[in-house]
Amino acid sequence: MSKIQVKICMGTTCFVMGASNLQELIELIPEKYSDSVEVCGVPCLGLCSETKKYSGAPYVKVNDEVVAEATTEKVLKQIERILKNGQE
Amino acid sequence: MDKNNQAQHLKREILVRTIEAFFSDNFEENTRLIAYDMRPQGCEVPYRCCIHKERDVIQHRIIANLGLSMEEIDERKLLSDYARKAKERTELEKDVLTVLETACQACVPSRMFVTDLCQGCVARPCVESCKFGAISIQNGRSVIDGSKCKNCTKCMQVCPYHAIVKIVVPCEDACPVGAIAKDQSGHATIDFDKCITCGKCVAACPFGAIHEKSQIIDILNRIKEGKKVIAMIAPSVAGQLPCSIYQLNTALLQCGFNEVVEVAQGADITALNEAEEFKERMQNGDKFMTTSCCAGYNNLIAQHLPEIKPFASDTKTPLYYTAELCRKENPDAITVFVSPCVAKRRECLDNPNIDYLLSYEEMGALFIAKKIEVSTLEPTPFKTEASREGRNFGILGGVAKSVEVADQGQSEIKPYIINGLNKQTIRELRNYAKKGECEMGNLIEVMCCEGGCVGGNCCVNNAKTATKTITDFTKDSKPLK
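Residue numbers (this note's numbering), protein chains in the order written: chain S, 1 to 88; chain C, 1001 to 1481.
Where hints are given, some of them may not hold.
FRET-style restraints, in silico, Cβ to Cβ [said to hold, decoys possible]: (1) Ser1185(C) with Leu83(S): 47 to 55 angstroms; (2) Glu69(S) with Tyr1036(C): 16 to 24 angstroms; (3) Tyr1036(C) with Glu50(S): 18 to 26 angstroms; (4) Ala68(S) with Asn1431(C): 33 to 41 angstroms; (5) Gln1410(C) with Lys32(S): 49 to 57 angstroms; (6) Phe1023(C) with Glu69(S): 22 to 30 angstroms; (7) Lys1227(C) with Glu50(S): 27 to 35 angstroms; (8) Phe1192(C) with Asn85(S): 51 to 59 angstroms; (9) Ala68(S) with Leu1033(C): 21 to 29 angstroms.
Worth flagging that the hints you see were computed from the coordinates, not collected in a lab.
Where a beta carbon is used, it is the ideal one built from N, C-alpha and C, also for glycine.
With the rest of the complex left out, here is chain S (with noise of 0.2 angstroms):
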């Protein structure tokens, strides 16, 4: 089974709408799911281009879903969701 990824934006927009707090997801997930999950900050996955579309960020991507307003709790759902229903 493959690992399921979890790319944290770290784009400027991104960083400063409160992904600086989703970074303490990239020590928390190994610990909870080395296993079966891989988490990384990337450069600006570009979601937040569009018109107005920073007031959605900070953005992550959990394998293609994106998570928008991401928030610790949210993405850990999303992983649990995933988990449970089993990989695509």
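With the hints as your guide, set chain C onto chain S.
The following block gives chain C in isolation, referenced to the frame of chain S:
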């Protein structure tokens, strides 16, 4: 409460939109439209009772972003009129904070409260423990007589059912000097004679009802007018964004600043002077000295703690020296301090060498509005590079450490850190002043914000990660001595 919460998110979004409006072809009108764009007709009402209140609160936040006091607003006027007023202004208003009464929940006054969990037990430790005779049992339940209760929390501590709670008012609770209280309508008001502008209430209010009066419009105006504008960046800025301090330099230059100067340069001077001062003071028989770079602490001394003044260093702040250098080299330039905290707003207003203050939050919002991707920028070096110790001023213990390094083992320095001003640490400081000595150490670094400047209430990054980023970066900087 976590710094990056939804109230903060909303605040930053409105800030970005205000800046975008400034760069648009019609600042006044587009400022007026922000609330309608954010809460269009028929949209979901996320926080307040109705869409109109949502918009009203947004508009009041914009007024604070425009640098105006809600207390002096005539609500019959249009927001566009106020945008114009901000744009045409040449002088800044005095007080640095404003309460947005519409946003203020007028939460219930702070008091002890018996919840439904009370079983009306036989032991009744609450009645026994109350020294003021404020608790009685009525209809099989504990009842607190508010006129006698002193909020000592004894009853809360002894209740075996945890049935008694303390209702807190977050802003009042956070204020270390009792400067914030409810008015007759229950809304928060700030007593500016007492307020040390530490900004703890700004961070504490879950409704985001207390706001700094921003100077962003003034700064952008001066840049637009083609004035030479110099940004003086505080040392803690190095840990704020996902980029190096040299990329940040580039980002600020792209925003129209003509030059960016490290305040860490001034911190080097502060460290050297403070080490010298420390040596002298100890030779003269003083038992301890406190550092002097924190604006919140300096306000505290001036307004509430005169007894510690003889023990506080007379050395000027890093910002003072940096601004002095900037003014000397560029007498006609506008100087802007890029700041981690609210407290420095007062220092900037009081120092004629500093024209404006841009908070880290505002700087971040400016980069968003300008669509600047900091991590992709080419680095730009500074004209003068500051030392490792100066650059570490923004992290906890950094100031004391720099004095130790500057002293080079001449004095026996025993550093002690006051990590955050609150009612308890203020009592502690008062006690040292009274005794004329401090058993914990002889060089007391006082930081108003927990974690040092990286814990400042305008910071974007969390203190832990910021500290690590700064420590990694300064490892390779040149030593102070």
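Outcome of the hint check:
| no. | hint | result |
| --- | --- | --- |
| 1 | Ser1185(C) with Leu83(S): 47 to 55 angstroms | holds (51 angstroms) |
| 2 | Glu69(S) with Tyr1036(C): 16 to 24 angstroms | holds (21 angstroms) |
| 3 | Tyr1036(C) with Glu50(S): 18 to 26 angstroms | holds (20 angstroms) |
| 4 | Ala68(S) with Asn1431(C): 33 to 41 angstroms | violated (50 angstroms) |
| 5 | Gln1410(C) with Lys32(S): 49 to 57 angstroms | holds (51 angstroms) |
| 6 | Phe1023(C) with Glu69(S): 22 to 30 angstroms | holds (25 angstroms) |
| 7 | Lys1227(C) with Glu50(S): 27 to 35 angstroms | holds (34 angstroms) |
| 8 | Phe1192(C) with Asn85(S): 51 to 59 angstroms | holds (57 angstroms) |
| 9 | Ala68(S) with Leu1033(C): 21 to 29 angstroms | holds (24 angstroms) |
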